[in-house]
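Peer 1: Going down the list, the protein sequences come from chains Y, V, X and C.
Heads up: the first sequence begins at 1 in the numbering used here, then just goes up one per residue.
Heads up: the second sequence begins at 294 in the numbering used here, then just goes up one per residue.
Heads up: the third sequence begins at 587 in the numbering used here, then just goes up one per residue.
Heads up: the fourth sequence begins at 978 in the numbering used here, then just goes up one per residue.
These are computed hints drawn from the structure, not numbers from a lab.
Heads up, the beta-carbon is just placed ideally off N, CA and C, and yes, glycines get one too.
Don't take each hint at face value.
[Unchecked claim] Keeping only pairs whose Cα atoms sit at most 30 Å apart, straight-line, the calculated BS3-like set for lysine-lysine is:
id : chain 1 : residue 1 : chain 2 : residue 2
1  : X       : K891      : Y       : K114
2  : X       : K662      : V       : K530
3  : X       : K825      : V       : K530
4  : C       : K1111     : Y       : K116
5  : C       : K1170     : V       : K340
6  : C       : K1122     : Y       : K114
7  : X       : K891      : V       : K536
8  : V       : K530      : X       : K955
9  : C       : K1267     : Y       : K237
10 : X       : K662      : Y       : K116
11 : V       : K319      : C       : K1122
12 : X       : K731      : V       : K530
13 : X       : K656      : Y       : K92
14 : C       : K1111     : C       : K1170
15 : X       : K720      : Y       : K114
16 : C       : K1111     : V       : K336
17 : V       : K385      : C       : K1252
18 : V       : K409      : C       : K1267
19 : Y       : K47       : X       : K731
20 : V       : K385      : X       : K955
21 : C       : K1122     : X       : K728
22 : V       : K319      : X       : K891
23 : V       : K530      : X       : K789
24 : Y       : K114      : X       : K825
25 : C       : K1252     : Y       : K237
[As the list claims (entries may be wrong)] Okay, the calculated beta carbon distance ranges per label pair:
id : chain 1 : residue 1 : chain 2 : residue 2 : range
26 : C       : E1196     : X       : A804      : 21 to 31 Å
27 : Y       : Q260      : C       : G1133     : 51 to 61 Å
28 : C       : R1058     : Y       : M1        : 29 to 39 Å
29 : C       : T1035     : Y       : Q260      : 34 to 44 Å
30 : X       : G602      : Y       : Q10       : 30 to 40 Å
31 : C       : Q1118     : V       : G383      : 12 to 22 Å
32 : Y       : M1        : X       : A712      : 43 to 53 Å
33 : C       : Q1118     : Y       : P65       : 30 to 40 Å
34 : X       : M806      : Y       : K26       : 49 to 59 Å
35 : X       : V617      : C       : R1058     : 25 to 35 Å
36 : X       : T961      : V       : E323      : 23 to 33 Å
37 : C       : M1110     : X       : G602      : 35 to 45 Å
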Amino acid sequence: MAIIIDKGTQTIIQGITGRNASLHAKFMMEYGTNVVAGVTPGKGGQKVEGVRVYDTVQQCMEDHPRATVSSIWVPPAFAKDAILEAIDAGIKTVVVITERIPIHDMLMVRHVAKEKNVMVIGGNTPGLISPGKALVGMLPTITFRPGRIGTVARSGAVTYYLANSLNLAGFGESTSVGLGGDPILGANFEDVLRLFQEDPETDAVVMAGEIGGVYEELAAPYVKEMKKPVIAYITGKAAPQGKRLGHAGAIIEGTMGTAQSKIDALRSNGAYLAETFSEIPALVRLAIKERSG
Amino acid sequence: MAIIIDKGTQTIIQGITGRNASLHAKFMMEYGTNVVAGVTPGKGGQKVEGVRVYDTVQQCMEDHPRATVSSIWVPPAFAKDAILEAIDAGIKTVVVITERIPIHDMLMVRHVAKEKNVMVIGGNTPGLISPGKALVGMLPTITFRPGRIGTVARSGAVTYYLANSLNLAGFGESTSVGLGGDPILGANFEDVLRLFQEDPETDAVVMAGEIGGVYEELAAPYVKEMKKPVIAYITGKAAPQGKRLGHAGAIIEGTMGTAQSKIDALRSNGAYLAETFSEIPALVRLAIKERSG
Amino acid sequence: MRLYEYEAKRLFRRAGIPTPDNIVVERDAAVLENVVYPVVLKAQVFLGGRGKAGFVKTAHNAREAQKHIKAMLGKKHGAYRIERILVERMIDIDQEIYVAAAIDRLSHRPLVMTSRHGGMDIEEIAKKEQAIMKFYFNPGQKIHKFMARKIAGQLGFSGQLLAGVAGVIEKVYNLLVSYDCKLVEVNPLVIDKRGSLYAVDAKVDLDEDAMFRHRDLAEMGIVARHEVGELTDRERTAKALGIPYVDLDGDIGVFPGGAGFGIAAIDLIQHYGGKPANFMDSGGAPTQEKLRAMLGLLIDNPRVKAIFGARFGGISRCDDWAKAVVQYVLENKPEKPMIMRMAGNMEAEGRKILEQAKQEHPEFFKDIKIYAVDTPIEEVIKETIRCAGGE
Amino acid sequence: MRLYEYEAKRLFRRAGIPTPDNIVVERDAAVLENVVYPVVLKAQVFLGGRGKAGFVKTAHNAREAQKHIKAMLGKKHGAYRIERILVERMIDIDQEIYVAAAIDRLSHRPLVMTSRHGGMDIEEIAKKEQAIMKFYFNPGQKIHKFMARKIAGQLGFSGQLLAGVAGVIEKVYNLLVSYDCKLVEVNPLVIDKRGSLYAVDAKVDLDEDAMFRHRDLAEMGIVARHEVGELTDRERTAKALGIPYVDLDGDIGVFPGGAGFGIAAIDLIQHYGGKPANFMDSGGAPTQEKLRAMLGLLIDNPRVKAIFGARFGGISRCDDWAKAVVQYVLENKPEKPMIMRMAGNMEAEGRKILEQAKQEHPEFFKDIKIYAVDTPIEEVIKETIRCAGGE
């Protein structure tokens, strides 16, 4: 059993009628993901890539009561509503592809998700993939190989390069999770590390963070608790202060959220720190050897 | 032990610096009510009738942690805030003298009060009195005599006339409670009937309702359950439809809340119905006799 | 406080709820430019049964419209004079549904009510196969758009129509909450043959006690009135003086203390065979000026033959009340009998004031009796009825 | 997105938070009518340390004020040119306190922070005996007036001052929530000798991603910019094109896929001894026009000696990317070396497009290398650095 998504996991797509969502719906299904339905308010009754579109998640869940994962592809102004709709209808994991969702909206989403015990991944996540089993989101599947390394990163492209580096060195991934680049995220590093710690198919975890926010620092104490090794790669050392680098999350505010503060917190709690993508596979090998030795 | 307020019950007055509130603070204390403090935001540090004024209920409760009852005398626009402040600070019974509080404000007050298990009496209540023990509100104490009849009424003046009729016939009151004339009330007939049912110092209850709302109808099933007799007096038979008779709550809307619907509901559940104030004492006598016989 | 349909529709437009194009006509020979025919002409009164009474008409051209306007304006529907007519584009009805938001008196929560069967009384709708669906909210809770869609979905709509109906549901609920309404009802919400939505009728019931925080209502011409219906001249005068007052059709003026007793008093007068001329309420703690104005309203009413008064001094003190009565009598020398009763706070002081005035000016007080706490109120009422020549 | 003090104070006035009377001066010989002296003149820049740098001055009359304006306008404070000066009535300080509302990154909740010690950096305030008091709210929760009073009471205020401070606390919190702010800070909130309150400094940090629902900000002249600081000309061009772009001071143009890799790329370039000329982000799924505009921004930058490019086709496809690169090259015939790598979705299709173009126009592609998935990205970067003449 891979974490979060596995072969057969029933998943729906909110905003499926959009250009990107419908393209990636196709990719997901081609990869073997069990996409059971789509939702776009006002477009109920249409079909996208052979998948039926519903007006509301509730109507969708009446026909597909075993769906547990939904991915959100709607514009940012509608994202909060779509996520809350998924939670209200009983979805257990919401994967929010939408980027640049207003911060106060995400605060509300987190608040409700916590109350209802729902995992929200993102916003601005590329999604997640359990290679060879299922994909939810827009990760380029070509990069990923089945294996026993879990990865978790803020950025989509970094997730691809992590996998790429691991694969070039002969490793593969159990599951790769993109946390997302927005400043307020649903799931954070610790949430995913906890799942990997419990996952019998994962031997080690690579986590990639970046400047901005405090999610990396917050995860550091748990890294120390973990039985499995964590290899960390933190970007943004060369970033100028006070400028927004694409990701709204990637901005340094005062002394918080610098690349160095994250590196220090993780290193002092036992993570293996990489400086380039190429260094990562060697560190994985070293870490597994040290921990099992 | 009288219901709600008894000799020694520590009580505070919110809005104490107003003309009416300060006048009635004096009357309450003269009657023996244990008024421990007042609250008026912006007037902390003043004294009214020898009572210290605080800016916030919280500050007041720090000095008087055993206060359990607060009466509210602030203008309607500030009533919701004052009531929520009392609840937040740990007050257990809030007596809302303020009249014509917006309906949506009272919905919120009820919602919070229920969550926090606080009894809110009013708005637009004349208050309540346990004759010879304590008074909270603005009931004219001259009318009330200690005794074993509980009374509960929507209107203030009706409460006085009830007591007056009872007293002229030799009865007295255990406690007299004014529920208030506003359309959305905190405590309703049933809430108070339940207290009287459990009160060893009460033999029978007189309830006086009026047109508007459904609180009388809602209490009817409980009247049937009660072991103590209930004498009911309902006013508004001569009221025209669709016109508001002074009390915001006293209006017949469609077929709801007519005097007749209330009379029918109460009579069919075993209440003794009076047509005038003068009839009440005889019915009380009859009811006690029938129930004990 | 009920709004006229045309007022409710102004509020609807402000809230983004679609209404058919319309204008309000208050005069004969109204300017009907920019009107697209056919139109429906609807007399603006609160009383139901407008259609049966001939106060809802259709017109296919200006001539017809003018004819109907002339025929309706100034007529009475029940007790209400028709002062305004709403002239509204006729909608090509495909479906009529029911959408409302209200306050539930039992659970004390706001709720949304919907039905696929619109266009008739809510009681009749409730009898239909598919009953009214109700969705409850917590006080202070916002309606998320998805909730409105869920409701529209449960109503059985889909696609664009679901989105449209959801939009109306959301706005109706928001109007209820943001304008402190007791009821916002769209019945029917019409779906025309092209799938567009129109609130063809509009019912809004405001909370008069919350109007202080909606100053923009006055800008829209929406001012306080009876819950249903217009004020009489005397009621208007009372309103201006800040006195809750309702004209009734009897001959006994009622000058009570509080509202609750006022209601009881008119019952009791009727119970003993008298006829009350009014309802009145002095409010919390009336000033002497206000008390005198209240008395004046009764004395100046030619229908009133005798006045029943009662004061139970609570928040309002007997001495203040006695002073007001004395001053009014000395200044106005009223010639109608006044039978009253005074008890409660500051009763002794009040009685002293009255006795002194009576000793000084016995001539003005010969028809005035003021009983004390030991006379049952029913006796005072019976005497007033006798004085008015009744019974 | 930080606001200038004068912008924040406009927002404060709209929210009812009291500020000293002020005007904004953008030119020499400004009209200083209606100004009550003494005044404080404050250069409008984001960088701290204005006072020490001589960019906060006081003036007791118009002559003095004009002198200071002339001396400040157009000068640079750090990297920032002073384009505006806030001329503000000087307040007679009795106490300075600290009031702010913000989003707590740990608990993900809005919070109110207050302290009796205002007028210095928050870090310094935190060191004081009576630390900063924090009050947490749930997302979507309103601040009731009593809560604001409770906070003001816990701060140790009483009477009228408690009421005044509570009013500011309430409005600061409401501003945070209603305008989607990340931070609203009043430091100091000054209490003058007569007990009046003034926000003497004002810091507001907006959530740029929520500006779409605050159209009135544009009316107030508040438009998108860097979190802290103004845009360069090239950044302005990029912004107009919808491209997140930041100028850096190196010579290697960075043309990456997503933001996260863009951040990694500038780290890696620096790691291997190169100097990045920019940060850039293509966003979700860039159009070909956007991709070409991105390339143009780099090629047209005279500082750029070589371009590092990378595309990992996820939501953005390799074939689209390849088409954009080919079309740009054919149209603009750039003479700078471009070292790139392409992998991911539609990689085969993309490679076909590139190969075909190269065969047809080998002359334009001689300085362009596009590696595939089997070359580690670090190797591509190292080669770019070599091409730029670095290392």
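Peer 1: Each of the hints needs a verdict: does it hold here or not?
Peer 2: Results of checking the hints against the structure:
1. X:K891 to Y:K114: violated, 71 Å
2. X:K662 to V:K530: Holds, because 27 Å separates the two Cα atoms, which is no more than 30 Å.
3. X:K825 to V:K530: holds, 24 Å
4. C:K1111 to Y:K116: holds, 27 Å
5. C:K1170 to V:K340: holds, 25 Å
6. C:K1122 to Y:K114: Distance of about 28 Å is within 30 Å: holds.
7. X:K891 to V:K536: holds, 24 Å
8. V:K530 to X:K955: Since the Cα atoms of V:K530 and X:K955 sit roughly 28 Å apart, the hinted pair holds (cutoff 30 Å).
9. C:K1267 to Y:K237: Judged against 30 Å, a Cα distance of about 28 Å means the pair holds.
10. X:K662 to Y:K116: Judged against 30 Å, a Cα distance of about 58 Å means the pair is violated.
11. V:K319 to C:K1122: holds, 28 Å
12. X:K731 to V:K530: violated, 45 Å
13. X:K656 to Y:K92: With Cα atoms ~65 Å apart, X:K656 and Y:K92 exceed 30 Å; violated.
14. C:K1111 to C:K1170: Measuring from Cα to Cα gives roughly 27 Å; hence the hint holds.
15. X:K720 to Y:K114: Distance ~28 Å between X:K720 and Y:K114 Cα, so the pair holds.
16. C:K1111 to V:K336: holds, 25 Å
17. V:K385 to C:K1252: violated, 68 Å
18. V:K409 to C:K1267: Between V:K409 and C:K1267 the Cα gap is close to 57 Å, so the pair fails against 30 Å, i.e. violated.
19. Y:K47 to X:K731: Satisfied, since the Cα-Cα distance of roughly 23 Å is no more than 30 Å.
20. V:K385 to X:K955: violated, 46 Å
21. C:K1122 to X:K728: holds, 20 Å
22. V:K319 to X:K891: violated, 41 Å
23. V:K530 to X:K789: Holds, at roughly 27 Å.
24. Y:K114 to X:K825: Given pair Y:K114, X:K825 is violated - Cα atoms ~53 Å apart, limit 30 Å.
25. C:K1252 to Y:K237: holds, 13 Å
26. C:E1196 to X:A804: 21 to 31 Å: Between C:E1196 and X:A804, where Cβ atoms are some 26 Å apart, the hint holds.
27. Y:Q260 to C:G1133: 51 to 61 Å: violated, 39 Å
28. C:R1058 to Y:M1: 29 to 39 Å: violated, 60 Å
29. C:T1035 to Y:Q260: 34 to 44 Å: holds, 40 Å
30. X:G602 to Y:Q10: 30 to 40 Å: holds, 37 Å
31. C:Q1118 to V:G383: 12 to 22 Å: holds, 20 Å
32. Y:M1 to X:A712: 43 to 53 Å: holds, 51 Å
33. C:Q1118 to Y:P65: 30 to 40 Å: holds, 33 Å
34. X:M806 to Y:K26: 49 to 59 Å: Check passed, 52 Å falls within 49 to 59 Å.
35. X:V617 to C:R1058: 25 to 35 Å: violated, 60 Å
36. X:T961 to V:E323: 23 to 33 Å: The hinted range 23 to 33 Å holds for X:T961 and V:E323, with Cβ atoms some 27 Å apart.
37. C:M1110 to X:G602: 35 to 45 Å: Between C:M1110 and X:G602, where Cβ atoms are some 42 Å apart, the hint holds.
The structure fails hints 1, 10, 12, 13, 17, 18, 20, 22, 24, 27, 28, 35 (numbered hints given earlier, in ascending order).
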